[in-house]
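Colleague: First residue of the sequence shown: 189, per the numbering used here; consecutive thereafter.
Source of the hints: derived by calculation from the structure; they are not laboratory data.
DSS-like cross-link-like pairs, simulated, lysine-lysine; straight-line CA separation at most 30 Å: (1) K214 / K266; (2) K273 / K259; (3) K209 / K297; (4) K297 / K259; (5) K266 / K209; (6) K204 / K266; (7) K273 / K288; (8) K214 / K204; (9) K273 / K204; (10) K249 / K209; (11) K204 / K297; (12) K266 / K297; (13) K249 / K266; (14) K266 / K210; (15) K273 / K249.
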Amino acid sequence: MLGLPQSTEVNRPMPKAQLYKKFELKQAQRDAFDADIARMEIVNFIAPQSLPGIAEGTEVKAVFVVDVELKRSDYDTKNILLISKLIPHRIIFALRHEDKVQLAVYHTKLFTGPWQPLTPNASCLIPINGLNLDAVWQNIVAFVGELEVTEGNSLTEQIRVDEERTRLMRQIETLERQMRSTSQPRRQRELYSEIKKLKSNL
189 MLGLPQSTEV
199 NRPMPKAQLY
209 KKFELKQAQR
219 DAFDADIARM
229 EIVNFIAPQS
239 LPGIAEGTEV
249 KAVFVVDVEL
259 KRSDYDTKNI
269 LLISKLIPHR
279 IIFALRHEDK
289 VQLAVYHTKL
299 FTGPWQPLTP
309 NASCLIPING
319 LNLDAVWQNI
329 VAFVGELEVT
339 EGNSLTEQIR
349 VDEERTRLMR
359 QIETLERQMR
369 STSQPRRQRE
379 LYSEIKKLKS
389 NL
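All chains, please: the whole structure from these sequences, using the hints.
Modeller: Laid out in C-alpha cells, this is it:
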C-alpha cells in the first residue's frame, strides 16, 4: 500500500483492548476511541534487520508503520497520539477511511499529510532516504509535515523555528487588522511600530 520493501512487512494486529488495559481508559474515553477507530495493525518494521542497507541511528532504533482503519475522516487527533504511546519507537500512521489514506507522524507534535486516493500507485509512498535511521526519520517527518530543514538546524529546532514564525505571523495579522479598524492616528503609529518590530524578527 505504501510502497515499502516486502522485507519490512510484519502484519501484527493491535487489539484495542490492549490499549484500554495499558492506559486504564474510562468508559467515556473508550467510547470516544471506538467512535473513531475500527482496527489497528502494525504493517511494517523499518530497522537494520529488515533493511540491511540502513544503519541504526543514534536516537532512532526502529520505525514502525501502523495501519489505522478509521470510522470517520474527522477523527480526534488525541486518539492517534494515544496509539503512539503504545510503541516506544517512532511511528508512521497510515490513516485509512473508505478509499483514502492520510499519513501522520509525531515528532514534538502531530503532523498530518493530505488525504489521498488509496491506490497501488498512490503518491503518498513513504520515502526511505538516508544512511541511518536518524536521517530516514528526519526525512519522513519533513515529507509528511512538508518541512524544509534549514542547514545547521536539527529537525526539532526547525519545528520550533517554524512554530515561532507562525506565531509571529498571526500576531502581525492581528495587529494589522487592528490598525485598519482604528481611526486614531496615534494608535495607528503605535500599531505600525509594533508590526515593524515583529516583522524584523521573521
